Amino acid sequence: MLSAASDGVLAVDAAPNPWFDPSYVTRNWHTIVGLLGEHVRLTVGAVVLGALIALPLALLARRSRYLAGPVLGLSTLIYTIPSLAMFAFLAPITRLSATTVLIGLVLYSLVILVRNFLAGLQAVPADVREAARGMGYGPGRLLWQVDLPLALPSMMAGLRIATVSTVALVTVGVIVGHGGLGQLITGGFAANFYRAEIVTGSVGCVLLALLADLLLAGVERLLTPWSRRAAA
Amino acid sequence: MRVWQGAVVYLNDPFNWTRANGILDLLVQHVTISAVAVLAAMVIAIPIGVLLGHTGRGGGFPVALSNVSRAVPTLALLTLFAVTPIGFGPRATTIALAVFAIPPILTNTYVGFRGVDRDVVEASRAMGLSERQVIVQAELPLAAPLLMTGVRTAAVQVVATATLAALVAGGGLGRIINLGFGQQDYGVVLAGAILVAALAVLTELVLSVASWALSPGEKRLPVLHGRSAPAAGPDHRAVGVAPL
Chain A
1 MLSAASDGVL AVDAAPNPWF DPSYVTRNWH TIVGLLGEHV RLTVGAVVLG ALIALPLALL
61 ARRSRYLAGP VLGLSTLIYT IPSLAMFAFL APITRLSATT VLIGLVLYSL VILVRNFLAG
121 LQAVPADVRE AARGMGYGPG RLLWQVDLPL ALPSMMAGLR IATVSTVALV TVGVIVGHGG
181 LGQLITGGFA ANFYRAEIVT GSVGCVLLAL LADLLLAGVE RLLTPWSRRA AA
Chain B
1001 MRVWQGAVVY LNDPFNWTRA NGILDLLVQH VTISAVAVLA AMVIAIPIGV LLGHTGRGGG
1061 FPVALSNVSR AVPTLALLTL FAVTPIGFGP RATTIALAVF AIPPILTNTY VGFRGVDRDV
1121 VEASRAMGLS ERQVIVQAEL PLAAPLLMTG VRTAAVQVVA TATLAALVAG GGLGRIINLG
1181 FGQQDYGVVL AGAILVAALA VLTELVLSVA SWALSPGEKR LPVLHGRSAP AAGPDHRAVG
1241 VAPL
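Protein sequences, first through last, are from chains A and B. Taking the numbering used here, the leading residue of the first sequence gets 1, the next gets one more, and so forth. Taking the numbering used here, the leading residue of the second sequence gets 1001, the next gets one more, and so forth.
Just so you know, not all the hints are guaranteed correct.
Here are the simulated distance ranges between beta carbons [stated by the list, open to error]: (1) Gly-177(A) <-> Gly-1115(B): 44 to 52 Å; (2) Arg-27(A) <-> Val-1209(B): 28 to 36 Å; (3) Val-1008(B) <-> Leu-214(A): 45 to 53 Å; (4) Arg-1019(B) <-> Arg-221(A): 57 to 65 Å.
To be clear, the hints were calculated from the coordinates, so they are not data collected in a lab. Values in this document were obtained by computation on a predicted structure and should not be read as measured data. Don't be surprised by glycine CBs; every beta carbon is placed ideally from N, CA and C.
Isolated chain B (complex conformation):
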């Protein structure tokens, strides 16, 4: 109980929020790093996924990539990038996070484009659409829900993983948890945990609503269906990700 009180006291002190390197500063860092990482991953992964899905070649690659990436600890990659000449700091963190955001986006984009009914593609070609128009006007709307699932999965994962940057002298809300452990102050540890968990859950909710609003076609409430991964063979959870 004392610990919870400590957490409440910490979170209730406005100074803890507004001071330099306080909660608000760390939150801005956390969100900025995450957003840049996800955008970078989208720029890299979506074109590749579209290409592979549209042509139907190299289908094993996204699946293999997401399986291998599961085996690599995020902490390892964060640390490895931090000891390269890039140096530790926001840049190394962002690159490491972007690397981890690529597999879910790539896989879901690929599965989404691959899953488009071949008859639809055939029909749009017959109607005189160019390959480019086929991709943008026929395949993209049909693949959009899965594509957005991929982005959402990646974003939630990145927001969660950005916490670990604190273990290698990076920024973000994980700093509060790390600091609390350093001071053996479990109230601060708990306060950090609450903030980080709240941000992760909030990211999931906001992006669920966003992808629901943006998805063309029949609207189903997203929250009730959870982060459903598409069925793709016996390893049907391959598209999901590990918690980080």
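If we strip away everything but chain A, and leave its shape as in the complex, we get:
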């Protein structure tokens, strides 16, 4: 034992441990797809729930400066708390479940979304809203046909940032055993520094984030046909 160590050759170095190994992916396809599914579910859940909570908050915050201050201050505080600590705060309540991860991720995406939604809504010109009201638009129609379309670019920018950050953050969920592809990263580390597994998890995360970003960019294009016309 000692002599092997003093020669500087450990079993881990002697065995081939390639960074990329396609056979690892094919052999463990089912595990990878399962974890990928969890990763996607957590990300979509966090961003959708975050957006559903962020929109009313942003609308409220726009109404008065007294509400905007606390909303933004609280979101800065949440943003400052490290993710591992966030999951650790939640774990005593929700234990080792995916719910722990989901709640933490919702809080972070919420923070990003509230700020962007608010910025988008505040950028809607007051005279446009005035004009719409003068034309007899009710509050619902005003929101749906004037505010949201005009705030859309900023809101979509927020959604894209929140989604990409969330994809990366899901990995920290490994602390409660629900880290999606992050499970491969720590799993490979625990399995004698198995590089192929670690790289598969890492590359999978990055690809997923880029794919999600592209998808949302496509959605944004579809939703804002007028900006394409203006650019052309």
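Using the hints, position chain B against chain A.
Then chain B, alone, in the frame of chain A:
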């Protein structure tokens, strides 16, 4: 409630603070690793940012870098560096953290120098300042608030991220959280969470005050304005960072 009691008991035991690998040891590790990482990132990022901002070339690079870095999980980079020949330990952690600290510093330095009024640069050149003097005496003071925002953002992010080193056998306060989960002792988990969150918030506050005190010109209370990112196109949050 039992969990909170457990956390209070853990934090109240002086032995937990002073023993080897206790809270104080881990805190020193945490702060040292973070400080070295931020300094290394500053040494690399600030000159590049100054150069790009001063010349006005390659502006897409900092923005692209910070967008891409958002997609890379910190945990992935920490683990990848730990399984290279560098080996796991403080050195791998520091390098990984420095890599993540570069984009916010670079972007904010670039935006700060780019945003300096061209007339001011023009005027200082006309007054006979050399390029070097233009950078140091004219542009730097005007770009300083943003530069410091970048450093503060990076530092808070690094302090937060250093927690994750515990997941790959690194040091720092994250160890306490990891240990608590390992022992299924939620009191310890909570105690760790409190310590880590307190350190992060404290870092943010201290650096806010420091950058406020160091910034030339009109003084505004920093805390009230939060970590405001400068507006730069529709993606105006590009300068901020993801929580880690």
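Outcome of the hint check:
Between Gly-177(A) and Gly-1115(B) the beta carbon distance is about 46 Å. The supplied range of 44 to 52 Å therefore holds. The supplied range of 28 to 36 Å is broken by Arg-27(A) and Val-1209(B), whose beta-carbon atoms lie about 54 Å from each other. One distance hint, 45 to 53 Å for the beta-carbon pair Val-1008(B) and Leu-214(A), holds here, with the actual separation near 48 Å. Range check, Arg-1019(B) to Arg-221(A): about 59 Å between beta-carbon atoms, so the 57 to 65 Å window is met.
Taken one by one, the earlier hints fail for this structure only at number 2.
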